[in-house]
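*Asks:* Spelled out, the chains give:
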Amino acid sequence: MSSSSSSQSSGENNLSTNAKFALVGNPAVTRRDLYAKITGQRKYTQDIVPSDIGASSMWYAGFLVAPHPHAIVTSIDTSEAQNAGYVTLVESDLPVGSLFSGGRAYPPLVSGEVLYAGQPVAAVAAPSANEVVDALSKIKVEYELLPYVFDAQEALQADAPQLWPGGNVPGGGISENRQAISAEVNVSLGDVATALQNSDVVYEDTFVTTVQQHFEILPRGAIAYWSGGQLTVHATTQWAWLVQIILANYFAIPLSDVIVTTSLGGYEDGGALGNGLGNKTSGEEYVLAAVLAKKVGAPVKFIHTRMTHALTTTNRWPITAKIKLGAMSDGTLTAIDAVYYCNVGGRGGAQGSDAVSDLYNTYVCPNVSISSIPVNTNKFALGAFMRSVGEEQGHFIMESAMDELAQKLNMDPTAFRLKNMRTSANAVDPVAKKPYTTIAQPQSLQAVMSASNWTSKWKGWGIPTSVNGTKRTGIGVSIQNAAKGAPIPPSTSQVQVDPDGTVTVYIGLTDHGAGGNTTFPLIAAEALGLTSMDNVKLIQSDTRYTTNSSVTAGSQSTHNSHSLLYAVEDLKSQWFPTVAQSLGASADNLVFGNDTIYDKTNPSNSISFKNAAALLKSSVKGFGVWQIPEDVAYRSTGARIAEVEVDVVTGEVHVVSHSFALGLGRTIFYKGAMHQMMGGSVMGVGSAFYEEIIPDPSQDVTPKPGYPTSGSFLNPNYHDYEIPTIMENPDTADAIPVQNIDPTGPFGATGIGENTIIGADVTYTNALSNALGGYRFKKTPVRIEDVVAAIQAMNGNAGAAPSTTSSSTTS
Amino acid sequence: MSSNNEVPKFGLLVPSTTEQAVSLLTQYGGQAKIMSGGTDLLYTMKNGVKYKTPEYVVDISGLPLNYINYDATDGLRIGATTPIASIASDPNIAQYYPVLNQAANTVAAPQLRNQGTAAGDVIQDTWCWYLRNNYPCWQNGGNVCFGVLGDNRYYQSIFGGRLTYAVNPGDTPVAYFALNADVAVQGPGGTTNMPISQLLPGEAIVDGKVKENSLQHNEMVTEIHVPPPPANSKSSWYKVRARQSFDFALASAAVVLTFNGSTISHASLVLGGVDVAPHRATAAESYLVGQSLTPSTIQEAAVKAVEGAAPLTTGTGNSFRVFLTQGAVTKALTLLS
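Going line by line, the protein sequences match chains A and L. By the working numbering, the letter at position 642 of the first sequence is numbered 642, and the numbering carries on one by one without gaps. For the working numbering, count along the second sequence from 1 and bump the result up by 1000.
Hints are computed from structural coordinates only; laboratory data are not their basis. Beta carbons are placed, not taken as given, at the ideal position from N, Cα and C, and that holds for glycine. Just so you know, not all the hints are guaranteed correct.
[As the list claims (entries may be wrong)] Pairwise CB distance ranges (calculated):
{"hint": "1", "chain 1": "L", "residue 1": "A1094", "chain 2": "A", "residue 2": "N729", "range": "24 to 32 Å"}
{"hint": "2", "chain 1": "A", "residue 1": "V208", "chain 2": "L", "residue 2": "A1072", "range": "52 to 60 Å"}
{"hint": "3", "chain 1": "L", "residue 1": "P1008", "chain 2": "A", "residue 2": "A793", "range": "47 to 55 Å"}
{"hint": "4", "chain 1": "A", "residue 1": "G679", "chain 2": "L", "residue 2": "Y1056", "range": "43 to 51 Å"}
{"hint": "5", "chain 1": "A", "residue 1": "L34", "chain 2": "L", "residue 2": "P1008", "range": "34 to 42 Å"}
{"hint": "6", "chain 1": "L", "residue 1": "L1012", "chain 2": "A", "residue 2": "L34", "range": "34 to 42 Å"}
{"hint": "7", "chain 1": "A", "residue 1": "A193", "chain 2": "L", "residue 2": "E1307", "range": "55 to 63 Å"}
{"hint": "8", "chain 1": "L", "residue 1": "G1141", "chain 2": "A", "residue 2": "D93", "range": "32 to 40 Å"}
{"hint": "9", "chain 1": "A", "residue 1": "D93", "chain 2": "L", "residue 2": "Y1056", "range": "34 to 42 Å"}
{"hint": "10", "chain 1": "A", "residue 1": "V208", "chain 2": "L", "residue 2": "L1042", "range": "36 to 44 Å"}
{"hint": "11", "chain 1": "L", "residue 1": "L1042", "chain 2": "A", "residue 2": "P697", "range": "26 to 34 Å"}
{"hint": "12", "chain 1": "L", "residue 1": "T1192", "chain 2": "A", "residue 2": "L34", "range": "51 to 59 Å"}
{"hint": "13", "chain 1": "L", "residue 1": "A1072", "chain 2": "A", "residue 2": "N130", "range": "49 to 57 Å"}
{"hint": "14", "chain 1": "A", "residue 1": "N729", "chain 2": "L", "residue 2": "P1228", "range": "39 to 47 Å"}
Next comes chain L alone, as it looks inside the complex:
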């Protein structure tokens, strides 16, 4: 067992265009990783997490991808290297996408929001402490998810898993799911647009490795696009965490509701921090359509939101997060009532 506070030696590659970045990723064939804010990559490198430590780092922070553009017809476009702090303070996002504004404001702590970037928050690795402590788990080149039989209180799914039970830790991706965002992915063959759910399938096997996102080694996210908010819609966010800063979500809820008068005509409800990917609570969505928000419908929606929950009963167990998930849904819906 070893770890050191110093980052091990690596080759630094600084492309001047996204095409060049992709070309470098292709050239180094899986031995290179993208870095923008570096808040996560450098940490894993310092701690010697084997399968996350590249020989080359492709620094894209200088590419012209730091922008937020809002247009009533086109919606919102956020460049990959835009700091989370910019998302958190953008007036258009605050006005038209409260759920994203609020989610961005609960990401980690101020320093990390200043440094961390839009695309980085979407494709960051799980914070599962078995991976972070370099256990030979699925995501680290091994063949077991230690969380299943170990301490799974905070970082394992309550909705089951397959190869890995580690939850997606992000906050803004949950909001993007609720807002039906899509992402632009640049690869050797050009740019592909895909729904964010396709980028974050929960677990994907890429180049024979278990990953949380479906990016190939020579692909990068360049932009996140959010459609214009539906007319008469409101959105909200609640993140349950032990400390009111720095911590990942123990459970979070992103809600976008469209109203006809006080009656809900469309509901989008996505849970964060409780599944291997942001988790769409379809039963609660169906239930909410046709209802108005009252304490009792909110309570019923919270119960339906955790339908299908299968908290782990092995190891420490994590059923308390079912309670917290209901709490997050209750809070987020109450904010709109």
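Pulled out of the complex, with its shape left as it was, chain A reads as follows:
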């Protein structure tokens, strides 16, 4: 076994920028699972039928969820459902225990007090999928309604409804002295009050972001069955190993008696997740499916409906931010003073630190005071994991406010950022005092300025880049400096070579959509000197065959697959003595390359990979462990410039162009990385203009028992929860990789997944502001009614803004 906790890897010889690679960074490499996924061959959890798991039948489960945001369950009557032959579950049927899912500990079914509309109250299993509706309708639940609170700041008031013993702030009680609340994040550098007094320019405002949901193609779910005392769960999960731990703890059985796979697991089906954006790490449905399966005595399939998935899983929580900035007239940022109220929903825990660290890391500022207060409310389930946790919100707030400050300074927004942003010259987290592993500034901003032709396009604050009839186009910029997901060490993996030359990669990670199915075998193949992945098989996300490789989340899976390089080192130690004997060379001098193993002191002394494998009497398997170093700062840095067109007669907006540069370290799976950057930019269109969970305001006026009959959200479907369609894609998009090596990553790579969405929305809203006379959008998303308000405000100030209003329609 070979392992290391230092920042130097076995791949260190390959870190030089002129190293030659066959597969790493090769644009010709395409997704291995592309054909299978496009043609529908890949089997997702939803697709699994009894014969796939060796069963003759299967039952189907559903949740009955509470229709009220805050209530007490006074009675549940399941007798009618049971008499009809259905199997039911309520809280009292469950083993004692609670779950922890990035927030407050909670039971899988509500045991008394409902904290959000959509909280599961009961579960049923029926012998066919289309009987689930009937089964759910036969459970009668009575509620006593309680006052509820949706707004974070209102929830901090002394007379607000209390959701949890000890108050609405996770980890602490409500206190006037918020410094005393443990779940808060408070950062202080220098002397903000004095700095603001001495600043030439001060900008102060409040920004609001909204609740978003993932709306992945495949909702969360699982198929569970018992065989003797052994439980098998095929789950839609980004971390099979965490689900195994949750289930073993819940049922008090050994880990070895719980098998968890993503979909069917095994070979590449282990990557059939149906997309994971953060809410597929754990969940109550895994437990409930397992309990129901035991009760029914047959496999039970539970897949969330679109509605229950939207209501009960994690969300992007909204932040209300009060922010005050100070600067000197030469543009030097002197003070940042901010308070973030983070609405983390009914059972969210302490969250918000990433938005805070992003603010003081992105900009170099000697005087900083930032507080982030997580607050429980009845607005939704769980403010926790969703792609770029807290950071997309934080960047919207930061980059909107910095734009306004630059405007007050009458300074080009790129010049303001170049002057104040953190670069390679000062790449240290100022609070944690840890050096960055890599930083892509100022190159990223310079790259997008060049790609977008910024200097010739920017005409000044509130002045569009072009006006064509009723259409106005504006340009906007933002920079990114974002924390990556918390490292959860260690990562382990295995690489096996068979005597016929077949390589098998065993990794506990899954492909949640980012291309891991290609990245994982690619890293192993490159380390083995192979020029193709044709003979490299992948077994992933399956507790039967792999070991824990940490979580596929937090932009960490490329980093976590670093353990593959150590597995190859271990493999060498078992394999090379035999090869050395055959070549008459020293094993220490042997290296992989160009589909051979050769003596680096005499490269012509070589043997093909396949022939070297044939020297083996049986398969060899290397085991690798990698521990992410803790003495460094893992941050993602980049920049964007976009142009947005708005029709001032219809309020319709369209992203015309988008240039995005991001630090990738060395790019491993080139096409995958570029597609991630494009995909994140498109998702940002949704954040900027469309995506929002909409609670029903009419509840406020008629709160009666039995009303509403359907959830608190008005748009739990793909029609009304508006994700961008292909028509909303930017007309042109440049994805520019800035390849500043990260020495802690495999071959110098650094993960980027979720970082590709951060800052996209604010780039678009900054551009829209530029198109509409400088109107500042202080909330996301900027929906069409907000655009209309901006147009009307601009038309009302027609003297100040450049012309072309609805009256100057051209034909």
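Mind docking chain L on chain A? Use the hints.
*Replies:* Here is chain L on its own, set in the frame of chain A:
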């Protein structure tokens, strides 16, 4: 609260003639509903919308009602089960009825245009999210329109309402209104022809239930007929929507103008997505007659088009759609100038 992605059990009835279809509807007395493309009915059934979920489905997709016939004297005849995609791509419709061609091309998304049908687009239920989320509203067997006091930004009328404020969501019906189309309705007593405005009164009480169309439970639309376009006429369409696919109209305008030289001699201007039925903008029509299209007359027509608008001020309010309606009219008229 419950919903499930599976369609609940139902009885499937497959008639081989329209007479048989009507007879089945009569036989099951309100417990049966017509399905052609199924894009809307199956969705409401999957989501358990109570009053929209039938016990029996009468599948008419196999009836010989998939046709588009154009004749210079008779005009245009579109069979009930004709896919919207066929309307959107028909060369005669593109040549003689641009407003219908353009409206059909903005219906939902390509897959839905392939599956959804001509009559289905005319008589589809409102997309009001209170109804779709199974609130006990007027259209779902209750006695209140939640949109009035709730979130009425997108799906409630800006021209008032009575029992329900939910807008008619269709695109092609707006064009049919502007083109003065009529529909053939088959019932137990045979076929009746009626103007489309009679089929879509905005709200009708049928069998004690509030509906957007006046069809009895045992009636079905079999054909839509559009008269020949007037000589020297031009038509156009504009649909304002948040996303350029999939979304219903936040406001739309269908315009048919007849010209004498550059002077408008007859105007037909109908607004969609803003009233309980397609809304004829009579003040703007009157204004346009005798005018020629210039930026200023277009602007004035857009202002007159929203005469009588009474956007909701309760709940979230929806006055921004008055602006969007003017925008749709401006765009549609500008296309003809």
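*Asks:* Work down the list of hints and note, for each, if the structure agrees.
*Replies:* Structure-based check of all given hints:
{"no.": "1", "hint": "L:A1094 to A:N729: 24 to 32 Å", "in the structure": "holds, 27 Å"}
{"no.": "2", "hint": "A:V208 to L:A1072: 52 to 60 Å", "in the structure": "holds, 59 Å"}
{"no.": "3", "hint": "L:P1008 to A:A793: 47 to 55 Å", "in the structure": "holds, 49 Å"}
{"no.": "4", "hint": "A:G679 to L:Y1056: 43 to 51 Å", "in the structure": "holds, 44 Å"}
{"no.": "5", "hint": "A:L34 to L:P1008: 34 to 42 Å", "in the structure": "holds, 37 Å"}
{"no.": "6", "hint": "L:L1012 to A:L34: 34 to 42 Å", "in the structure": "holds, 38 Å"}
{"no.": "7", "hint": "A:A193 to L:E1307: 55 to 63 Å", "in the structure": "holds, 57 Å"}
{"no.": "8", "hint": "L:G1141 to A:D93: 32 to 40 Å", "in the structure": "holds, 34 Å"}
{"no.": "9", "hint": "A:D93 to L:Y1056: 34 to 42 Å", "in the structure": "holds, 37 Å"}
{"no.": "10", "hint": "A:V208 to L:L1042: 36 to 44 Å", "in the structure": "holds, 38 Å"}
{"no.": "11", "hint": "L:L1042 to A:P697: 26 to 34 Å", "in the structure": "holds, 30 Å"}
{"no.": "12", "hint": "L:T1192 to A:L34: 51 to 59 Å", "in the structure": "holds, 55 Å"}
{"no.": "13", "hint": "L:A1072 to A:N130: 49 to 57 Å", "in the structure": "holds, 50 Å"}
{"no.": "14", "hint": "A:N729 to L:P1228: 39 to 47 Å", "in the structure": "holds, 41 Å"}
Going down the numbered hints, you'll see the structure goes against none, and every one checks out.
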